[in-house]
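Given the coordinates of chain V, work out where chain F should sit on it, guided by the hints.
As a plain string of letters, each chain reads:
2 protein chains.
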Amino acid sequence: MVTVAIDVMGSDLGVSELIKGITALSMEADNQIQMVLVGDAKEIAKALVGQVYHPKFIEIVHASQHITQDEKAKEALKTNQDLSIVRACQLVKEGRADALVSAGNTGGVILSAAQSFDRIAGVQRVALAAVLPTEKRRGQRQDPFALLLDVGATLHVTAEDLYRFALMGSIYASIVSKNTSPSVALLSNGTEIGKGPSEVVEAFQLLSENTDGLSFIGNVEGLDIPRGGADVIVCEGFLGNVVLKLLEGITELAADLAKEAYDSKLIWRLGLTMLSKELRKLRRLTDWKQYGGAPILGFDKVVIKAHGRSNARAIRNAIKLAAKVHRGDLISKIQQKMEPRCSPTV
Amino acid sequence: MVTVAIDVMGSDLGVSELIKGITALSMEADNQIQMVLVGDAKEIAKALVGQVYHPKFIEIVHASQHITQDEKAKEALKTNQDLSIVRACQLVKEGRADALVSAGNTGGVILSAAQSFDRIAGVQRVALAAVLPTEKRRGQRQDPFALLLDVGATLHVTAEDLYRFALMGSIYASIVSKNTSPSVALLSNGTEIGKGPSEVVEAFQLLSENTDGLSFIGNVEGLDIPRGGADVIVCEGFLGNVVLKLLEGITELAADLAKEAYDSKLIWRLGLTMLSKELRKLRRLTDWKQYGGAPILGFDKVVIKAHGRSNARAIRNAIKLAAKVHRGDLISKIQQKMEPRCSPTV
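Which chain is which? The protein sequence lines are V and F, in order. To convert, count from 1 in the first sequence and add 71; that's our numbering. To convert, count from 1 in the second sequence and add 71; that's our numbering.
Simulated from the structure, these hints should not be mistaken for laboratory data.
Below 27 Å or equal to it, Euclidean Cα-Cα: the simulated DSSO-like pairs (lysine-lysine) are:
#, chain 1, residue 1, chain 2, residue 2
1, V, 113, V, 164
2, F, 113, F, 91
3, F, 266, V, 143
4, V, 316, F, 207
The shape of chain V in the complex, shown without the other chains (with noise of 0.2 Å):
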């Protein structure tokens, strides 16, 4: 049994949403995940009303307040006493859950995270990771995503952050994906070596010469990024979030310009309806729901960045992914690699 502590306040569709999830979740036989729900009792106990689930797999620990998604996360903490998020990650820190997840604002749960948690010896900034859709596999699993950090835990890094953010998130690529190797690639202006600002030309080598057995292919480009080009795109914080963000964006003009041909004609509605088959490879493309969350990596603790819009299938999907992380010994995996690295040395 593996127990999750989920912060349940703060997202975008509200509590009600992310507990049709949960209680989803607590029904399935095989899940053996018990869910700590961390928030306002009274309205998880409303959302609750009319739901079916499986009381054994529920608990409810009340926090009176929490972070909005558009609150500044520094001063909502140093204003606030009783906040979900920093109710949950207590839990995970006591050892009374072994992972957190959380919809809730991102800078609340990366500062939450970073006054309640360590940082693994030898990393010295964490990343926040996405999960890019793309049209090719990868691993066992047959995962149509790659992984791309950092993306907004950090701005500008050096060198050995990149080989570290290499490191850690192959390591989770091969958990999530059951890929024994993924290939990890460096985000630059262009794929030749000696390409791109002078820490990304340096990591260029360290990654190069690694002996941690990172799969590395070299550098790809933004055009690269769609075609999914390597499974693990390591970056700046910087420009891994403007890259995120214009992704996000994109999806959403698309979208929004089909609604537009939908809702106009009756020709194009035809025409759309036709072409249902291709659109839902393409929507299938840009669906991050399936992936349910990405990790925030380098803290001693399983931390899974739920996105701000969860609907119900996406938070079941985040707190299975954060069960299936724990399980596979993400943070003691990550500490075996780092450690030799720690030596004043390196």
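Same frame as chain V, but now just chain F:
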């Protein structure tokens, strides 16, 4: 009459495709553009055979060598004596042409220009711009694009560089789109002041306090790019290059999927035909050919980089663009704004 030197070598579609656009432009009665074609005279003469053109507007200057798209520009410039791009730059330097257009190797254009031209006083780093199609239309001309710079002439930059990119981009946009006050934004990982690495935070401050008449609207995020959130978007070259190539990659992927659908099933072909008007809209949104090219800003000469895959229409538009930018007095307008910023107090 404006004289434009055109490096006709080294583009993806070859000399003959460019010559089609050039000859067509020579037949436009009101074009008032003298074109000096620089490249292999034999190849040019061969490509002219069978084309209808006005010989008065076309002149040929022979250069025996050129840089290919795949070549490393730095090495090519070192080892080759008689390169078309170098010769074209010299024509502009010597005043025999007013502006330069090339669809060749981007690094080759930037490095040759750097060898031949001076940077405008006060400019520390030149910037390569790109035009991004947007749904929103801009300026008196109702142009459907935004300008993004830098997309690859630099890697990391300073706050002052970002400020100068904003200034040069704004002046360029005001000439090209006849937009008296283009909106200018910084690309960052959040819209609030204080978001981003220190150089972006500092540039935000400089732009907010600007007395150069810049309409600074703050930061935009990745998702604002396809939405067309600003007329001029400013960032470092490393970030801009990844963004640009990502956008190109997505455009290609969408085209591939559409082609696959069209080719594989009659019902999908029917569906696409029914949607053709809506798809045209989407295609216009991703059609860089209508814009011809984008400037390299910061040199004391007008330099327009046309896309490597330029067809006849694209190169014709790039040449017209170069003439328009020269007529619009881009260089002296930038010089006027930069001059007060050259004092040691800035």
